[in-house]
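Produce the entire structure from the sequences given, and follow the hints as far as they go.
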Amino acid sequence: MSGAPVLSVRSLSRHYATGGGLVRALDGVSLDVAAGELVGIFGPSGSGKSTFLMLAGLLENPTSGEVWLAGERVSHADADLDSLREIRRKRIGFVFQKANLIPFLSAVENIALGLELADVAPADAHAHGRRLLAALDLVHRADHLPAKLSGGEQQRVAVARALANAPPLILADEPTAALDSVRGRQVMEIFRRIAGTRGAAVLVITHDPRSTDLFDRIVHFEDGRICVGKVDR
Amino acid sequence: MNLALKDTLHAPTRFALTTLGIAFLVMAVIGMTGLYRGIVEDALLIIDRIDADLWVVQGKRAGPFAEGSAVAADMDRRVEGVPGVADVRRFTQFSQQFSFAGAPRRATVTGVDVPRDNGHWLSLAEGRWLGGSRYEAVADASTGLKVDDRIQLARDVYTIVGLTRHMVDSAGDGLLFVGINDAAVIARRRTSEEIHLARAAGTGAGAVSADASSVAQDSKISAVLVRLDPAADTARVIATLQRWGDVRVMTTGEQRDLMLNARLWKLRLQILTFTGMILLITAIVVSLIVYTMTLEKLHVIALLKLMGARESVVVRLIGQQAALIGIAGYALAVVLAWMIFPFFPRRVVMLPPDLAQIALALAIVCTVAAWVGIARASQVEAREVLS
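Read top to bottom, the protein sequences are chains A and B.
Residue numbers for the first sequence follow the UniProt record's numbering, so the first one is 1 and each next one is one higher.
Residue numbers for the second sequence follow the UniProt record's numbering, so the first one is 1 and each next one is one higher.
Derived by calculation from the structure, the hints in this document are not laboratory data.
All figures in this text were calculated on a predicted structure; none of them were measured in a lab.
For glycine and all other residues, C-beta sits at the position ideal for the given N, C-alpha and C.
Keep in mind that a hint or two might mislead.
Stated by the list, open to error - Label-pair distances were calculated between CB atoms; the ranges are: (1) S378(B) x H15(A): 25 to 35 Å; (2) D143(A) x G172(B): 57 to 67 Å; (3) T273(B) x K90(A): 49 to 59 Å.
The structure is reproduced here in structure tokens:
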């Protein structure tokens, strides 16, 4: 690991009370991700990977523990989720299994939207969106609606959208699950490039073992915990 | 970028159909309101325009519109002599069915006292006002007659010399103006058999029946219209005329009140009730449309929240779309109303204040609908993108 941690979680737990008792979806996880680092999170279904992404992405409050971004404590059990929107807007980019593009916006508009939400002038936002698409070899598809793009193209647009605000942290949840091996590899290589050239901390939750060589570090989750002795590299 | 507009333009056919549906509902509200205005305006047409200060009608009756009325044929001369009276005109009005071009037609024959009544109170669309000669008529265009057409009324043939527009009675029948003497002849139309029977009954020793009246029972004069001297004391003139006992005197205001609150009350109430119902249906439909559109966008709204969009972005998305539908629906409704309502059998009067009130009502409906949608959207959480 190199540089100061962009994301730092401390003793993060998320428990749910159900009819069958208490479910410990996440149980005392601590993890640091540094700038420029590409970290893969592996684990079976129900191991707590997605819950971890929810908490790290400030989409849900932990039952206990803390989330720190660049040395600032941003989330804890009593945090006001609504007030964390601005932090999400400025500091976190999300990529999901499905591209989740807005269907009535073109590729470039989907990217520009994130910038306009951050009060960037529309013309500048569009220009930056085109630059990002060019960097991902998609500028020729800039004005196409998502329905006209292939799955791989949609996912690359989603990556571009996540990069639009140049956030220091990118969280990706199964970003290659819906892609074939070639396109999945392309997307993972993009993440590798983002971490290397932009200095972003990239955390990828995945089941896909085909791109493990690209990660700086791999963390295994099981039963809501990081498996001791399974932190690779 | 305007997300509401982008979303709308993404599915233009759907937007057009939604707008059309709302436009028809709003058009129905405009139509009902306009129908109400039209009926009231038609009913008050003669009362408001004929330029009379007082209406002298049959005693203890509320004629000539709310009740039947018959005054003596020479009542105008009696009234004329009362101090303060500037001029008088005889008046009568009754429905008449006649045949023209092989088809039955209806008109409301309105007897006016030519040449004393020079027709200054109405505007002719074509032709001229009644001259002094007999068997002339001025018809409203809604009767389907034209200048120089000839029609038979009772036993005589009348020539149409002028045309009016939008002059109908409270039932929507076009007015047909004839001289008062011609009107009396038309109203007295009887079959030969009737005349024979009447003559036979008249030979009965000239006995005076118990219900004999100072008013000739075959008089066809409904009322005498009075204009007062500018300096006349209205109350004093009324009191003088009422002292005669065989007449009742009503002001134009009282005639209006009788027409609106006696004769047309139930009709007005019914139209207003229907207008309210349609407005309520419009409110429900618009609310459902806006709410459904919000439900369809919950995923997008969750995504916007995930991207850190402020609540105002979501509020604008829903609010602007509701406004877009409301404005487009209203504009289309007004255009359709202007195009379609002139072909309706009854006059639909679209007054700017009514249109403004309907626009305001629709704006309130859209605002409430948007508020319901926004309330639902505010419950959406960013993490729902993952579900």
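Against the structure, the hints come out as follows:
no., hint, result
1, S378(B) x H15(A): 25 to 35 Å, "holds, 27 Å"
2, D143(A) x G172(B): 57 to 67 Å, "holds, 58 Å"
3, T273(B) x K90(A): 49 to 59 Å, "holds, 57 Å"
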